Amino acid sequence: MDAIILQILNGLDKGSAYALIALGLTLIFGTLGVVNFAHGALFMLGAFCAVTLSRLLQTASVTIDPERTDFLGNPLKVETPYVIEWFGPEVGSLILDWSVPLAILFAIPIMGLIGLAMERGLIKHFYKRPHADQILVTFGLAIVLQEIVKYFYGANPIPTPAPDALVGSLDFGVLVGFDAGTVIYPYWRLIYFVFAAVVIGVVFAFLQFTTFGMVVRAGMADRETVGLLGINIDRRFTLMFAFAAIVAGLAGVMYAPINSPNYHMGMDFLVLSFVVVVVGGMGSLPGAVAAGFLLGVLESFASMPQVVTLIPGINQIIIYLVAIIILLTRPRGLMGRKGVMEA
Amino acid sequence: MFGLKQKDATLFLVVVAITALAPFLLNPFPENSELAQFNAGYPDLMQRFMIFGIFAIGFNILFGLTGYLSFGHAAFLGVGSYAGVWMLKLLSMNIIPAIIVSVVVAGVFSLIVGYISLRRSGIYFSILTLAFAQMSFALAYSVLTPITGGETGLQLALDDPRIFGVAQTADGSIPLTNFFGLEMRDGIEIAAGPWLFTLNVGYYLSAIVMLASFYVAIRIFRSPFGMMLKAVKSNQQRMNYTGINPKPYTLAAFVISGMYAGLAGGLMVAMDPLAGAERMQWTASGEVVLMTILGGAGTLVGPLLGAGVIKYFENIFSKINDNILYEWFSFMPGGLQDFFVTIIYPFIGKGWHLTLGIMFMLVVIFLPGGIVEGGKRLGRLFSRKKAEGGGSDATPAASPAE
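Protein chains in written order, with the numbering used here: chain A, 1 to 343; chain B, 1 to 402.
Just so you know, the hints here were simulated from the structure itself, not pulled from any lab data. This one's a predicted model, so the numbers in the text were calculated from it and none came from an experiment. Errors might be hidden in some of the hints.
[To be verified] Facing chain B, a subset of chain A residues (Cβ under 8 Å, in silico):
1) Val35
2) His131
3) Ala132
4) Asp133
5) Ile143
6) Glu147
7) Val275
[As the list claims (entries may be wrong)] Here are the computed lysine-lysine pairs in the BS3-like style, where the Cα-Cα straight-line distance is at most 27 Å:
8) Lys128(A) <-> Lys376(B)
9) Lys233(B) <-> Lys124(A)
10) Lys230(B) <-> Lys128(A)
11) Lys350(B) <-> Lys150(A)
12) Lys7(B) <-> Lys230(B)
13) Lys319(B) <-> Lys150(A)
14) Lys385(B) <-> Lys7(B)
15) Lys376(B) <-> Lys233(B)
16) Lys233(B) <-> Lys5(B)
17) Lys233(B) <-> Lys128(A)
18) Lys247(B) <-> Lys230(B)
19) Lys7(B) <-> Lys233(B)
20) Lys233(B) <-> Lys247(B)
[To be verified] What the simulated footprint calls covered on chain A by chain B, stretch by stretch (three residues with Cβ under 8 Å from a Cβ of chain B suffice, anywhere in the stretch; the number is not a length):
21) 260-274
22) 302-316
23) 322-330
Beta carbons: idealized from backbone N, C-alpha and C, even for Gly.
Modelling step: build the complete structure from the supplied sequences, incorporating the hints.
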C-alpha cells in the first residue's frame with residue numbers, strides 16, 4: 001500500500017508538468033486551431049526566466065576590503081549583491097534564497113510578451129495554412145529559440161535550487177498512518193503539484209466565471225457566430241495565446257529546482273506533452289489535464305522494480321504504448337470533442 | 001531515354017554528372033590554402049551526402065506525394081543499420097547481404113508501423129509515428145541491449161562468427177567492409193598541382209546506389225501509382241467517392257519510404273560498421289523532415305539538395321571559429337572588426353543550428369516549395385526580364401508545380 005501511494009505521489013509532479021504544458025497546447029489549439037510545436041520551448045524559456053532572475057539578483061558590487069587579505073596578501077575583494085546592499089543582509093539574503101518563487105512574478109509579464117510577439121509576429125500568418133506547415137514553422141521556431149538560449153546560457157544544465165526552507169522531504173507516510181520513513185516525498189515536488197493544481201484551477205475558473213472566458217469559450221465553439229455578434233474574437237484569442245504561454249512558462253519556472261534547466265529540456269517535454277494532448281483528446285481542456293496526471297502516474301507505476309522485472313523496458317515505453325492503444329481504440333482521445341481535427 | 005521523358009532524363013543525367021564529378025567539384029580550393037576548409041570533397045562527407053540523399057528521397061516519396069508527415073522515419077534507418085551490422089557480424093564483411101537485409105528488415109518494420117499508423121491521418125498520424133520511433137529508440141537503448149549494444153552501440157568484434165568470411169585478418173584485426181573484395185576505404189588520390197582529389201570506392205558505390213534510388217523515385221513520381229499518391233494528398237475524399245481505397249496506396253508509399261530509409265541505414269554501416277540508438281531518436285527524424293522541406297517537398301531533386309545543404313552546414317560551416325572570422329575581417333579597423341565578428345559569431349561554428357533553424361523558418365514562411373521553388377522563381381524573374389528586353393512575348397516559363 002505504501003509503495004502504491006509513493007508511486008502515485010512520484011507520478012504527480014511529472015504529471016503536473018505534463019498537464020500544464022498540455023493545457024497550454026490545448027488552449028492554443030482550441031482557440032486558434034494552431035498546432036504549436038514551440039510550446040516546449042516556451043516551457044524551457046520559463047525555466048530560464050528563473051535562471052535569469054537568480055542571476056540578476058546575484059549581480060554584485062565589488063568593494064575592496066582593506067582590512068582583510070586573500071591568500072596572496074592582496075586586499076580582499078568583497079562581492080556584495082545589490083539586493084543585500086539595498087535591503088540589508090537579512091531581507092536581501094531572503095530574496096536571494098527565494099529567487100525561484102519570485103521568478104513567478106518575473107515570468108508572467110515576460111512570458112506574456114513573448115506569447116504576444118509570437119502570435120502577432122509569426123503564428124498569425126499561419127491560420128489559413130495546412131497543419132503540416134504550422135507544425136513545421138513552429139518546429140523551426142523551437143530550434144531557433146533553444147539555440148538562442150544555448151548561445152547565452154551555454155549547453156550545460158544550470159542548477160537552480162529551491163529556497164532552503166523547502167529543500168527537505170516530508171514524511172508523508174506518518175500523516176496517513178504508516179510507519180515513519182516509508183513514504184518520503186520532497187517538499188518541492190509537493191509544492192509543484194499544489195502550484196500546478198492552483199494554476200489549472202485559475203485557468204478553468206477564468207474560462208468558466210469571467211465574461212472574457214465566456215466569450216472565449218463561445219469562440220472555441222463557434223468562432224464565426226461570435227464574430228458576427230460584433231465581438232473582436234481575434235484579439236481575445238491572441239490574448240489566450242499569451243495566456244497559454246504564461247501557463248507553460250510558469251510550469252517551467254517551478255520545474256527549475258526539480259531538474260536543472262538546460263536548453264533542450266523543452267524538446268524532451270514537447271514530445272510527451274503532444275502524446276498527452278492526443279490521449280486526452282485534441283481540443284479538450286479537462287482531457288488534457290486528466291491525461292497529463294494519468295500518464296504521469298502510469299509512468300511512475302511502470303518504473304516500479306516489480307513491474308520492470310515482470311515486463312522489462314515497460315517504463316520506457318508505457319506512455320507511447322498507451323497513446324497508440326488509445327488512438328487506435330478511441331480515435332478522439334479520452335475526452336475529445338466531435339469534429340476537432342478530423343481531416 | 002531510360003523510360004523517362006525528355007525533361008526527367010536531362011535532370012537525371014545532370015545529377016549523374018554532378019555525382020560522378022563530385023570529388024572534383026566539391027574540392028575547388030587548393031590544399032593548404034586558407035579556403036581549403038570549405039572543401040567538402042573528402043570521402044566521409046561525400047558518402048554522407050549520398051546516404052542522407054537516399055534517406056530524404058525516400059521520405060519525400062511519402063511526405064511529398066501523399067502529404068503524410070511522419071516524425072518517426074529515423075527508426076527505419078536505425079533498424080536498417082542494426083540489421084546491417086548483424087549481417088556483417090554473422091555472415092561476412094561483404095556489404096551486399098548487409099544492405100539487402102537492411103532493406104528487407106526496415107521494410108517489414110515499416111509495414112507493421114505503417115499498417116497501424118495509417119489508420120489515422122493528419123497530426124494523429126505524425127504523433128503515432130513519433131510514438132513508434134520513440135518506443136524503438138527507448139527499447140534499443142535499454143532492454144534490447146543484447147541485440148543493439150545499448151548505449152555503446154553495436155560494433156564489430158574479433159570473435160564474431162562471420163561464417164562466410166574470416167573472423168579476423170591475419171594480423172588479428174577486424175576485417176574491413178568490402179564489395180566482393182573491393183574495400184570501401186580504398187581509393188585513388190590524384191594530386192593536380194596544389195589540388196588534391198580523392199576518388200573513393202565507398203563514395204562511388206553509395207553514389208551508384210543513390211542514383212539507382214533516384215531513378216526509381218523518378219519512375220514512381222511519373223507512374224500511375226505516383227498519380228494515385230498525389231491524389232491522396234490533394235483530395236482523399238474525392239478518391240473515396242470514385243471508389244478507390246487510398247489506404248493500400250499510402251501504405252505502399254510508407255513501406256517504400258521505409259525501405260529507402262533502411263537502404264540508407266545499410267549503406268551507413270557498410271561505410272562505417274557501427275550502429276547506435278541515437279540514430280533513431282526523434283531529432284534524427286526531424287532532420288530528414290528539415291532536409292526534405294528545405295530542398296523542396298514533392299520535387300525530384302529537392303530532397304537531395306536539402307540533404308546536401310544540411311550535411312554541408314553540419315560538417316563545414318560548424319568548423320568556422322572566431323579566429324577564422326577575425327582573419328576574414330582583418331582588413332577592417334579594429335573596432336569595426338570586433339563589431340562584425342560579434343554579430344556574425346552566434347550564427348556560425350557551434351551556432352550553426354541557429355542559422356539552420358532561421359533558414360528553415362524562412363523557407364516554410366516564404367518559400368513553401370523550398371530551394372527548388374526558389375530557383376524556379378529566380379529563373380522566371382530572369383527569363384521575364386530577358387523577354388521584356390527582347391520585346392518578344394514572354395515565354396511561359398512557369399512549369400507546373402511538381
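Quick rundown of the hints versus the structure:
1. Val35: holds (6 Å)
2. His131: holds (6 Å)
3. Ala132: holds (5 Å)
4. Asp133: Given a least distance of 6 Å, the restraint on Asp133(A) holds.
5. Ile143: Holds. Min distance 3 Å.
6. Glu147: Check passed: Cβ of Glu147(A) comes within 4 Å of chain B, closer than 8 Å.
7. Val275: holds (6 Å)
8. Lys128(A) <-> Lys376(B): holds (24 Å)
9. Lys233(B) <-> Lys124(A): holds (25 Å)
10. Lys230(B) <-> Lys128(A): Holds. Lys230(B) to Lys128(A) sits at ~21 Å (cutoff 27 Å).
11. Lys350(B) <-> Lys150(A): Since the Cα atoms of Lys350(B) and Lys150(A) sit roughly 10 Å apart, the hinted pair holds (cutoff 27 Å).
12. Lys7(B) <-> Lys230(B): holds (20 Å)
13. Lys319(B) <-> Lys150(A): This hinted pair holds, its Cα atoms lying about 18 Å apart.
14. Lys385(B) <-> Lys7(B): With Cα atoms ~24 Å apart, Lys385(B) and Lys7(B) stay inside 27 Å; holds.
15. Lys376(B) <-> Lys233(B): Measuring from Cα to Cα gives roughly 23 Å; hence the hint holds.
16. Lys233(B) <-> Lys5(B): holds (24 Å)
17. Lys233(B) <-> Lys128(A): Holds, at about 17 Å.
18. Lys247(B) <-> Lys230(B): With a Cα-Cα distance of about 13 Å, the restraint between Lys247(B) and Lys230(B) holds, given a limit of 27 Å.
19. Lys7(B) <-> Lys233(B): holds (24 Å)
20. Lys233(B) <-> Lys247(B): holds (12 Å)
21. 260-274: holds (count 3)
22. 302-316: holds (count 3)
23. 322-330: Holds: 4 residues of the stretch 322-330 of chain A have a Cβ under 8 Å from chain B.
The structure shown violates none of the earlier numbered hints.
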